[in-house]
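A.B. asks: Please arrange chain B on chain A, whose structure you already have, making use of the hints.
Residue numbers (our numbering), protein chains in the order written: chain A, 16 to 341; chain B, 13 to 521.
Bear in mind the hints are in silico, worked out from the structure with no lab data behind them. A hint or two may mislead.
[As the list claims (entries may be wrong)] From chain A, some residues computed to sit far from chain B (all C-beta separations above 10 angstroms):
(1) G108
(2) T146
(3) S154
(4) A195
(5) P269
(6) E306
[Stated by the list, open to error] Examples of chain A residues toward chain B, derived with CB under 10 angstroms:
(7) R38
(8) Y47
(9) M216
(10) G220
(11) Y234
(12) S321
(13) A325
This one's a predicted model, so the numbers in the text were calculated from it and none came from an experiment. For glycine and all other residues, C-beta sits at the position ideal for the given N, C-alpha and C.
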Amino acid sequence: MRTALALLLMATPVAAQAQSENRVLTVYAEDYIASEWGPGPAIKSGFEAFCDCELRFVTGDILPRLLMEGAGTQADIVFGLNTDVLARARASGLFAPHGQDTSDMSLPIEWDDPIFLPYNWGETAFVYDETRLENPPASFAELLEAEDIRIVIQDPRSSISGLALLFWVKQVYGDEAPEAWAQLAPKVLTVTRGWSESYGMFTSGEADMVLSYTTSPAYHIAAEDDLTKKAAIFPEGHYFMTEVAGQLAGTDQPELAQAFMDWIMTPEFQAEIPLANWSLPAALPQDQWPEVMRDLPRPDVTLFYSEDEAEALRQPALDEWLRAFN
Amino acid sequence: MAARLQLGHLVAAALAAAILGTLAAVAWFAGGLGALSEWDWRAVRFTLWQAALSASLSAALAIPVARALARRRFRGRGLLVTLLGAPFILPVIVAIMGLIAVFGRNGVVNEAMRAMGLPEIGIYGWQGVILAHVFFNLPLSVRLILQGWQAIPAERFRLAASLDFAPRDVARHLERPMLRATLPGVWLSVFLVCLTSFTVALALGGGPRATTVELAIYQAFRFDFDLGRAATLGLVQIALCVAALLAARAIALPAGFGAGMDSAMPIPAPRGWPLVVDALVITFAAGFLLWPMVSVITTGLPRIPALPPEVWDAAWRSVIMAVISALLSVGACLALALTIAQGRARWVEVAGMLPLIASPLVLGTGLFILLRGAVSPQQMALPVTVAVNAAMALPFGLRALIPAAQALRADYERLAMSLDLRGWARLRHLTLPRLRRPLGFAAGLAAALSMGDLGVITLFASDQPTLPLKLYQLMNSYRMADAAAASVLLMALSFGLFWLFDRGGRLEP
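Excised from the complex, chain A in its bound form (with noise of 0.2 angstroms):
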């Protein structure tokens, strides 16, 4: 066992030792972040030129694995936390305030809160193919009625754009949610564990529409010049969701966290968000994101629970849910 350790350690390539007089930045980040096609790279290059230090991502079950090591993480900054978990990591009492004002940020709601800072932001939305689905819904209640469309989501227990479905279906049926689950159900064709495998199944041409955001078909026309990608704009309004970041109250390298938080704001950051994350940026005016994410159409109404609301709501509605399908 021990020889078969010490092979392993020798066959893997050793971490960079330089460090920056010891000025080390530790960030706990969702792993497609840190990933080379997530904005991790461009982050990490940016922000060690911005404070003359290293920045080190730690990547998987951020929240999961910070609730578990409490007071003594090593974490100084954690990034890429969704709205539907703030409530518990706000709990915890582990953070610390981001110091920003957030009165003129580019999202289409008020955020005040004075501890989680979001750096991008999106909308759900069903995403079809205009070669394939000619006449696609032109409405949430068009969709209901709709014959012979069939749709993949997530599941709302183990993927975060499957739990925005949910409040998505609160916030425009209210009491009536469970109707609209009742006439949505025979549309699921199936219901799978988190986006990718969703997103594979629509790409496949398995299904005509798939639960993912307004952004997504930017990423089609940027990488791969295809145009017959859409997102169905509904007038009852899109979800809102969005991505936070948070410095430890605990940490170590408190001026380096605050400089990150700093950092978050800067134009230099935000440009990278969307081709990068393919997700609008949460600070910077409209006129200077990239031409793809400011041709996409845009909802006239954007839909969101506060914390609070969404905390309470959580079970009920996965009660809902569940009982539409049962």
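C.D. replies: Same frame as chain A, but now just chain B:
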């Protein structure tokens, strides 16, 4: 013998401690076990039902396939036997894409149905879950039953022929006793695999009616952060496993054919209509198992040269980890099988099957809680993944090794004792040569399963990603075409490793 006996006990104790200990750690962290909801109990019922049905179908369908492969000789048979094993080691997400390409709404089967004016078949729903589980587990069942057939000494078939046995008599005196010894273990393995199914049930289940216990555990972790309930569900899974294991033990009877001369004489193969049936069975099984893989390959292959270097780095890392996992796993497996073959310590076999139903989430979280004070999680990420993958593959290797080890003991124990053959010499001259086939098979399985497993790595978080993790990263960045190429690479490497080990075990010394 004494030294090895202790080793087997030691391995079993370590396994039981790791799996029950992590569960206890999670419950301890949560301050006790949590109560289950009505939905959780529904998940338990659905899980049991689908696992039992999947296991019964897989085992029943495997019998004719294994018999046809055991008694027919044709060009490419060896390759076909190896290829038919491939679905079992496919990464789940890859297999689902392949099944959809064949059985999905726009799949080949439905195209054909439409062309013939027949109604479409729907893959989404419980039938899709069962179909996928049979797809995954038919290969394992066929291999295990085929080994059972090949383990019947050829002299017995010759004796049967000289006694002028009709096929009915051969079935009664040779084949049925073999099946009675083999099938319960096969059924149990598939049942337990399906018990912890998660991604399959979600992707093809068509909705929350197809919720499994593993998803309920995931929900308890991620949606509710209710570790107490997660621990309770983990405990329910283990209870189901132990119950199923005891039931299978009660049904299985050793066949007792005695030792043969290892002659390479083929099993008698009746001509006439049985030949036609065998040919049809083999063709059908090959089509069902290979077609989805072919469709995955044709989608992804062209883009492999364009894969970025990071994917190749991850692939190399995964291969090294898989080989170490395989060696660890097969060593532990041998120690366990030799102890189990002595038939005195039943708990050793139960411990050997435990990894199969240990929830990866509970295991990973428990390990994290136990290790977090002592070492840095980043440094532990790869070693923990290797060790966990080795443990996860153990039960499959055991299924192949236990019958062989029992036969070895029954046939050669007295001879070995009389020659005073023990220790290293016995291992080298008797045990390893006699068990090389199942050992190679077990090592191949462990390497391939370890290759495709996402493992418990998510909590430990490493800056050294494995190939399956890269595959998910590609999908999460919209790069579906690259993901398809990475799937083919993953499939090829898994299969290549399996083939190398399995082939190595089948070479004549």
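A.B. asks: Each of the hints needs a verdict: does it hold here or not?
C.D. replies: Each hint tested on the structure:
no. : hint : verdict
1   : G108 : holds, 15 angstroms
2   : T146 : holds, 14 angstroms
3   : S154 : holds, 24 angstroms
4   : A195 : holds, 15 angstroms
5   : P269 : holds, 22 angstroms
6   : E306 : holds, 19 angstroms
7   : R38  : violated, 18 angstroms
8   : Y47  : holds, 4 angstroms
9   : M216 : holds, 7 angstroms
10  : G220 : holds, 5 angstroms
11  : Y234 : holds, 4 angstroms
12  : S321 : violated, 19 angstroms
13  : A325 : violated, 13 angstroms
Hint compliance for this structure: hints 7, 12, 13 are not met, and every other hint is.
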